[in-house]
Amino acid sequence: MSEKTAGSIYDLGYRHYTGVRLGRRHAVWALYVHRLRASFGIGRPLSSKMFPVGLAIIAFLPAAVQLGIAAAGAENARVVQPENYYRYVQIVLALFCAAVAPELMGRDQRSGTLALYFSRAIGRWDYASANFAALISAMLAVTVVPQALLFVGNALAASDFFQYARDEWRQPPAAIASGVLLSVMVAAIGLAIASQTPRRAYSTVAILAVFVLGSVIGPTLLNVSGHDVGRYSLLLSPFHVVDGFTLWFFGVSPDAENQLAKADLPGALYATTAVAVAIAALGILLWRYRRIVA
Amino acid sequence: MPLVTATQLTKRYPKVTALDALNLELEPGVIGLVGPNGAGKSTLIKILLGLLEPTSGSATLLGFDVARQGPELRQFVGYMPEHDCLPLDISATEFVVHMAQVSGLPRAAARERAAETLRHVGLFEERYREMRGYSTGMKQRVKLAQALVHDPQLMLLDEPTIGLDPGGREEMLDLVTRVGREFGITIIMSSHLLGEIERVCDHLVQIESGRLVRSAAITALTDRRQLLAIEVDGPAEPLAARLRQLGLSVREDGRVLFVELKDEALYDAIRDAVVDLGLGLVRLEQQRHSLEELFRSPAAEQAVARV
Numbered sequence: 258m259s260e261k262t263a264g265s266i267y268d269l270g271y272r273h274y275t276g277v278r279l280g281r282r283h284a285v286w287a288l289y290v291h292r293l294r295a296s297f298g299i300g301r302p303l304s305s306k307m308f309p310v311g312l313a314i315i316a317f318l319p320a321a322v323q324l325g326i327a328a329a330g331a332e333n334a335r336v337v338q339p340e341n342y343y344r345y346v347q348i349v350l351a352l353f354c355a356a357v358a359p360e361l362m363g364r365d366q367r368s369g370t371l372a373l374y375f376s377r378a379i380g381r382w383d384y385a386s387a388n389f390a391a392l393i394s395a396m397l398a399v400t401v402v403p404q405a406l407l408f409v410g411n412a413l414a415a416s417d418f419f420q421y422a423r424d425e426w427r428q429p430p431a432a433i434a435s436g437v438l439l440s441v442m443v444a445a446i447g448l449a450i451a452s453q454t455p456r457r458a459y460s461t462v463a464i465l466a467v468f469v470l471g472s473v474i475g476p477t478l479l480n481v482s483g484h485d486v487g488r489y490s491l492l493l494s495p496f497h498v499v500d501g502f503t504l505w506f507f508g509v510s511p512d513a514e515n516q517l518a519k520a521d522l523p524g525a526l527y528a529t530t531a532v533a534v535a536i537a538a539l540g541i542l543l544w545r546y547r548r549i550v551a
Numbered sequence: 054m055p056l057v058t059a060t061q062l063t064k065r066y067p068k069v070t071a072l073d074a075l076n077l078e079l080e081p082g083v084i085g086l087v088g089p090n091g092a093g094k095s096t097l098i099k100i101l102l103g104l105l106e107p108t109s110g111s112a113t114l115l116g117f118d119v120a121r122q123g124p125e126l127r128q129f130v131g132y133m134p135e136h137d138c139l140p141l142d143i144s145a146t147e148f149v150v151h152m153a154q155v156s157g158l159p160r161a162a163a164r165e166r167a168a169e170t171l172r173h174v175g176l177f178e179e180r181y182r183e184m185r186g187y188s189t190g191m192k193q194r195v196k197l198a199q200a201l202v203h204d205p206q207l208m209l210l211d212e213p214t215i216g217l218d219p220g221g222r223e224e225m226l227d228l229v230t231r232v233g234r235e236f237g238i239t240i241i242m243s244s245h246l247l248g249e250i251e252r253v254c255d256h257l258v259q260i261e262s263g264r265l266v267r268s269a270a271i272t273a274l275t276d277r278r279q280l281l282a283i284e285v286d287g288p289a290e291p292l293a294a295r296l297r298q299l300g301l302s303v304r305e306d307g308r309v310l311f312v313e314l315k316d317e318a319l320y321d322a323i324r325d326a327v328v329d330l331g332l333g334l335v336r337l338e339q340q341r342h343s344l345e346e347l348f349r350s351p352a353a354e355q356a357v358a359r360v
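Residue numbers (this note's numbering), protein chains in the order written: chain R, 258 to 551; chain S, 54 to 360.
Keep in mind the hints are simulated off the structure, nothing from the lab. All residues carry an ideal CB built from backbone N, CA and C; glycine is no exception. Honestly, I wouldn't trust all of these hints.
To be verified - Just so you have them, the derived chain S footprint on chain R, three or more residues with Cβ under 8 Å:
| hint | region |
| --- | --- |
| 1 | 376-388 |
| 2 | 471-479 |
Unchecked claim - A few chain R residues that don't get close to chain S, going by computed Cβ distances all over 12 Å:
| hint | residue |
| --- | --- |
| 3 | V285 |
| 4 | W286 |
| 5 | F308 |
| 6 | V337 |
| 7 | Q338 |
| 8 | A412 |
| 9 | R427 |
| 10 | V486 |
| 11 | R545 |
Please work from the sequences and hints to get the whole structure.
This is the structure in structure tokens:
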């Protein structure tokens, strides 16, 4: 730092800004883009990229395998089914959320940058919404995009690409609907938890705990309780809720060994639960940002 | 249009009252907000920015109601907080560009303004490096840059020299002065150091325990107390006596005499007196009382008043 010479060099005359000021909507958009980039560590050092990018790559593996099989020329070899895709990568998606959400929520609280946002045109709800939208978008990139790739892979593996696409036209809307609902629910849970503390380690552990413990407690309660009410305990597990509405969107019944078959709940109930959880978590997120001291 | 109005502005916390029915009206300029730590300076700034909600009362800034017209108002305002506010794992350039965009500037304009602003605050090659490695002085410059990048009409600077060494303090004060005087941006700057306010500001607002103690132009506070310091190479007493004969009020402080400067004729009177007494004039200097001196204690006030 050339402290001594600085005075003479920066004496260049100040120009006022006369261009457009795009206001609040632009500000929120800029924050959204910034957060989406930050989700994957773009513009950050390598250490920030490692986890999100690594996990995203793993989330693509099943689709890549299917594409590889198709490329190898195997006909009608459909190893990976779209309705099962999220089940294969569920722990990866949970890890992705647990890695990214604390990064989005905690950094500004730790560094004190929150005050700079709130002293600009961005309101507290704008801030929460932009982060929510960014995490949903990032989640879509690791859910719906692999599904699209899988669809292409499966179609290529089929004897006739276009015939497959015609026959399986229900798949893309189901994949998109389930991917969107999954992304919204997981993102909302992740942010609601991560917003509570500036400490990244705490929120990462807490987010993983919700997903992992849920997937243990839900089926356990289901199996120990003989009552009819016990069936609903499966709704405590986010993974099973995701599996439930995904199968429902695809119009597929769960396999006999799947806990879902045991609970035998209506598919729409899983979707409704996901929406309710997302709304509740978003409520917590907004409540937190309404009160947070910047 | 007044820059700031505050009407019965009150902020109460469970245990303390940070602002106590504060009434204030300020015109644009370079305004210094002074008071001891905990006087309510930061609270006032945060309420004006909409970061805190007042318990009661209202305030306007640039003609906007701070509670109801926050988003419109804040496009024209820059804020440099007292606390740390920089994400350390990105570069100053990237951060300031982002902050410009969040202030409403299109991307291209944000890049251009960020580069210019960082240059104005004296950050050059190092602006491409992660801020983790910056000195306190450099961080303070980035904090100033992010408040300036969107060319606000008003900047609120909360203790801009905090944590800086004397050299860095001087440079920061120079920068703030430049922003206020040359860039023509209205500034409200808080400090617990009177000397800083005196150097940079043209208006002073003193707050203590959430109440307004005084609000006045700094020249009004210091001008009417101008003194002339006289030092001669011989005994000072005869000169003091001679000047008193002329009806002047003289205070002796060791070898130095202080005479209240009322008009220019005083210089001639002193010259003649010195020549008549056959003394050599070592020093004849106009002294402006520092604010520090005025504020220090009632005793100091009286000492000045006695002159």
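query: Any of the earlier hints contradicted here, and which numbers?
result: Hints 2, 3 and 4 are the ones this structure does not satisfy, whereas the remaining hints hold.
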